[in-house]
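Student: Spelled out, the chains give:
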Amino acid sequence: MTTTSDATGRPRRALICGVGGQDGAYLASFLLAKGYEVVGTSRDAASAQHGGLKQLGIDGRVRVVSMATNDFRSVLQTLRRTNPDEIYNLAGQTSVGLSFDQPVEAIESIAIGVLNLLEAIRFVERPIAFYNAGSSECFGDTGGKPANEETPFRPRSPYAVAKACAHNLVANYREAYRMQACTGILFNHESPLRPERFVTQKVVRAASRIARGSDETLMLGNIDIHRDWGWAPEYVEVMWSMLQMDQAQDLVIATGRSVSLQYFVERTFAHFGLDWREHVRSDASLLRPSDIHYGAADPSRAWQQLGWKSKHDVDEVIAKMSVAARERIAQNLLRQ
Amino acid sequence: MTSPKVALITGVTGQDGAYLAELLLDKGYVVHGVKRRASLFNTDRIDHLYQDPHVDHPRFVLHYGDLTDSTNLIRIIQQVQPDEIYNLAAMSHVAVSFETPEYTANADGIGTLRILEAIRILGLEKKTRFYQASTSELYGLVQEVPQTEKTPFYPRSPYAVAKLYGYWITVNYREAYGLYACNGILFNHESPLRGETFVTRKITRAMARIALGLQDCLYLGNLSALRDWGHAKDYVEMQWLMLQQQHPEDFVIATGVQYSVRQFVEMAATELGIRLRFSGEGEAEIATVVSVEGDRAHVQPGQVVVRVDPRYYRPTEVETLLGDPSKAKAKLGWTPKIGLAELVKEMVASDYDAARRDNLVKSAGFQAYDYNE
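Just so you know, the sequences run in chain order Z and D. With the numbering used here applied, the first sequence covers 1 to 336. With the numbering used here applied, the second sequence covers 1001 to 1373.
Where hints are given, some of them may not hold.
Below, in silico cross-link-like pairs of lysine to any residue (SDA-like), each with a Cα-Cα straight-line distance of 20 Å or less [said to hold, decoys possible]: (1) K202(Z) - S285(Z); (2) K202(Z) - E327(Z); (3) K1150(D) - M219(Z); (4) K1337(D) - Y1177(D); (5) K202(Z) - D283(Z); (6) K1331(D) - L1243(D); (7) K54(Z) - E316(Z); (8) K145(Z) - K1150(D); (9) K1150(D) - N148(Z); (10) K1150(D) - P289(Z); (11) K1150(D) - G143(Z); (12) K1202(D) - C1217(D); (13) K1202(D) - G1178(D); (14) K1345(D) - P1248(D); (15) K34(Z) - S260(Z); (16) K1126(D) - P289(Z); (17) K1327(D) - C1217(D); (18) K1345(D) - Q1244(D); (19) K1337(D) - D1353(D); (20) K1150(D) - E316(Z); (21) K1150(D) - D283(Z); (22) K202(Z) - E316(Z); (23) K145(Z) - D1052(D); (24) K320(Z) - D283(Z); (25) K1337(D) - L1322(D); (26) K1150(D) - N1042(D); (27) K1337(D) - V1257(D); (28) K320(Z) - N332(Z); (29) K1027(D) - K1202(D); (30) K1150(D) - T151(Z).
No lab work stands behind these hints, which were simulated from the structure alone.
Same shape as in the complex, but just chain D (with noise of 0.2 Å):
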């Protein structure tokens, strides 16, 4: 019997770690995760895969770590010693990289540095294969419609920018090195485990207050930007498959279907039977509801629920983004199996039952809390 193969995800925590962790366990990996400490727990999304640290031969377990931190990270890769590291870490927000560049930088630019040099320094060159999460932001003012692996790019964020770092400096160690060392350029790719300050889950999340009444009204920034939304689910599978290859190569993981932000409201909103109207231009325009079917939503015709508040605007802007998933079909036989429909009906379903919960508590007389950003 040959033993298990062994992962270590960095980033776990967050919605692509919790995916790949059950993916990988299920697949009969020993998984590690890095996470960060933080004063609050964090493991919410990966609390279903927690083992007793005090079992033996435990299959998934958590260390400490951060990315700022080289020799901590060449202290859990040596303790690991993985056969497949997955960096998935990453400060990973658009709008809040503006406001911390440099640690943005740190984190994901030198961060991915880290990692690749943790791998040469401990000798695991041969034996450690590793996956870089890029991103569909690198396209930013996008040069060509759609986007493959060979469109340029031109990053419009801080953020951008240090992932296009991330992604260099993989191909560099790839090829000066002989690194198994591949990007996944992933467009954005959802859940219910999806963070609430991105905006599909702030519409869902949303939506399903407004539709309980325990909100009034959805602030959004750029309605009219066009994304290319998939399911986090089908996205890490082939994070997975990128390091079972002859040879490590880059790939764009994508729908191939793009939608405006103003449309995934439409969706959420109909998930709950009401139906929208958008009128107005630009920081004025906003959404009205029409009508109400069916008893999941309490609100009445005329009502507002979604405004624009230019808070909420980029200092640049991405306007549009649509990968072309082609080369993920012909070489690994890959098709994202959840559209867009099934993913907004799967996450409005989930952030329903929060909001009803929610409900029910401040019905009892207890305090909900709000998460306001």
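Isolated chain Z, as found in the complex (with noise of 0.2 Å):
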């Protein structure tokens, strides 16, 4: 059983990377309320604190320092500097279809990062639990077989290699030097906080807009790749699990329920009294260089080893960010 302060009563520490982004700002919310002392980074502090942390209104609970993870002296110094007991690594790139223009920001964001990290922590000598922020592109297409912890890597984008090596590096560092390390090969998890260049709230905010007479068209990829969509709240609460264990491992965290993202569409339009085939045309310029088209998980070894199952599935995420989306659109018409 960990406790959230250590014999002299300091409260735990955890210094989240990347803290803008939609998980940073959960997870923040999530360790505040267990009684953590959370410092978080962004590359630049004076914009992190306008994004998900203020719209989860812990914008004033969370000390946010800049940092840049490619750069060794600002990784060491914010350790130096924090001390933290955790170090939770969800910065980098993150966007798939950005990193097919912008591949070497990819792998330094990404893979240097991660590296920097790590040999921070070797450097400060202290027993720092690490947490590396992986992905299920690192499996490209699973086809009909869900992927596990065992299933061998295929990425198939710079964003996914990039993904695959900093998962090799966490992976070499834990058995080269016993490390407390590990990576959550999170397939894809949504919120209301997700940024519109994500599929899912492009969908969401345009089904929306139309609902309240935009008389836009949704132009989308291909809508027949499949996806195991999950809810980002409650993933951010199997990162922090991972680190509680004795023996760090690397687990899957998914729902295990793979949907088309013609579904999602369809879903969603319906939620807003909408039929998706009068709104939504298919766009060549958006397909990627080269997708993944069926992406399944198999959740069952963090059932094994946390107890951990998803409760939310795609329909319950569909429900949740329309009902945001509806709420956004009437609190800017109420400012205007």
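Assembly of the complex is requested from the two constituent chains, each provided in isolation within its own frame, with the hints serving as guidance.
Tutor: Structure (structure tokens):
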């Protein structure tokens, strides 16, 4: 049983790298509720406060410092100044599509970033537990066979290749230097904090605007792709659980249910009382140079090891995101 | 008459670079090589191929370059307009990669990406074919025996992790942009040109020097490590073949036969007429001279010539590697011609000559460099 303070009563301290994003904000909120002291990092601390932290109403309770994970000095300095017990690395490029245009940025922010964190932890010689945000993109096309922790990687984008590299580095440092370090191989996880460049939010927001009278047409790439979409706020809880295990290990985190993008679109538009076929077009320019057709997960080990199972499936994700999008529009109208 | 094909080799000053440059020149290519600037001369492996840059239309040209410098690579590739690029440059030492993990990732991982991007940026996707030197170290903690093109990877060092990035990004650029790009997953390949800090060369060199009294003892790490060793000369032939096919594909290049480091030591000693006996276990294991035949080795029975130094153990070891080259045989008709016995013979002969030269220099009162690690 882990307590959130040490013998001297000092609360446990977590450092969240990439606190400006969706997962960073939810994780910060979760850890604060657990009694942790939370420090967050962002390449630009000033702008991170305005993102997810503010939307969750915790921007005043998380100290945000500037750090670039691809710069070793910056990483080491941050570790020395903040003295964390746990580090959650959620920083790095997050978009598969963008990685085809910025492949070097992808590997530097993702893999070199992880390497710098691992080396800095070795350097400060304190037992810091390290969580790394892995990605289901590493598996590539899983076909009909759900991916588990034993499934070989077959990455299909510069983003996925970089994530696979980071994953392997974490495993190697755990084995070579006995570090408490692990990667959560998270399948897609969504929330109202997702930016619109992610397809789920793009669909939900478009449907909410169309329901309010917008005459726009929603342009999508391939709507036949299948994904396992889960609920981000419950995924951040697993990140914490993984660091409380006696021996760190990598785990697949997912709902276990994959549906097509068409299903997601259909359900979302139905939620707003719309027929998706009247508002959606497929646009070849949105197709990626190489894409994953089918992504499916087998999260049974997380259940065996942590007793964790997702409570919200894709239908609830759609419902919750749609409610949030509707409220957002209502609030914007109020402000006008 | 058609103009000769143009090849660009990164890492041309290394073992494979030298053999490949020679092979391609023999085939009538114009060969451009990229080498890093260094304060010391680093071209001894290719000096025999050197051509005075002042002659007209030289067929072997060297450029200064570095895989960590994007603009440099773009400029060289723009000037050379190669038909084929062989990316052999890398920080290629497994043990050193634990000391310099970031540099390794930069040169071996991002370096590969930089070349692929240069090909795209220069619009050479249709013209330039790309060979990536991948490695059996990708298999690391092996998931099946022997290893084929379908065996999952489990890298065990920063070197292997960086090389795995290079492997996947090559596959991705082939699939995403239709580049003719492929990986040769080469198992260990050795020769007299192998770097002196790699275990095979370290062994043959030390045995030759011990035989002539220039050195007392050879210190090694994991003697039980099993490897599939081939001759670099055979393997560069395959690198070229892989770029001459209808479609780009990845291939395992190996002999399919496996020996331990301990056996390699015994074979090297036998070449010099020294019979060894290994005794003890783990860090206490030693090899003692049992008998000496012929006049090449001046050692005494009972002399301990090999000891274990745990300094050479790695934080995570790769215990066994064994390649299955049947795809290379079936699709490209390739089989290795040189077996391990012949390889060891050639390496020992070369190192014995070098040791004799050092001995002569010393006996004449001059200093011979030991080049200790």
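Student: All hints are to be evaluated individually against the structure, with a verdict given for each.
Tutor: Verification of the hints:
no.	hint	result
1	K202(Z) - S285(Z)	holds, 16 Å
2	K202(Z) - E327(Z)	holds, 16 Å
3	K1150(D) - M219(Z)	violated, 38 Å
4	K1337(D) - Y1177(D)	violated, 36 Å
5	K202(Z) - D283(Z)	holds, 14 Å
6	K1331(D) - L1243(D)	holds, 13 Å
7	K54(Z) - E316(Z)	violated, 24 Å
8	K145(Z) - K1150(D)	holds, 17 Å
9	K1150(D) - N148(Z)	holds, 18 Å
10	K1150(D) - P289(Z)	violated, 24 Å
11	K1150(D) - G143(Z)	holds, 17 Å
12	K1202(D) - C1217(D)	holds, 12 Å
13	K1202(D) - G1178(D)	violated, 42 Å
14	K1345(D) - P1248(D)	violated, 35 Å
15	K34(Z) - S260(Z)	violated, 36 Å
16	K1126(D) - P289(Z)	holds, 16 Å
17	K1327(D) - C1217(D)	violated, 42 Å
18	K1345(D) - Q1244(D)	violated, 32 Å
19	K1337(D) - D1353(D)	violated, 24 Å
20	K1150(D) - E316(Z)	violated, 39 Å
21	K1150(D) - D283(Z)	violated, 35 Å
22	K202(Z) - E316(Z)	holds, 17 Å
23	K145(Z) - D1052(D)	violated, 60 Å
24	K320(Z) - D283(Z)	violated, 27 Å
25	K1337(D) - L1322(D)	holds, 17 Å
26	K1150(D) - N1042(D)	violated, 37 Å
27	K1337(D) - V1257(D)	holds, 13 Å
28	K320(Z) - N332(Z)	holds, 18 Å
29	K1027(D) - K1202(D)	violated, 32 Å
30	K1150(D) - T151(Z)	holds, 13 Å
In this structure, the earlier hints numbered 3, 4, 7, 10, 13, 14, 15, 17, 18, 19, 20, 21, 23, 24, 26 and 29 are contradicted, and the remaining ones agree with it.
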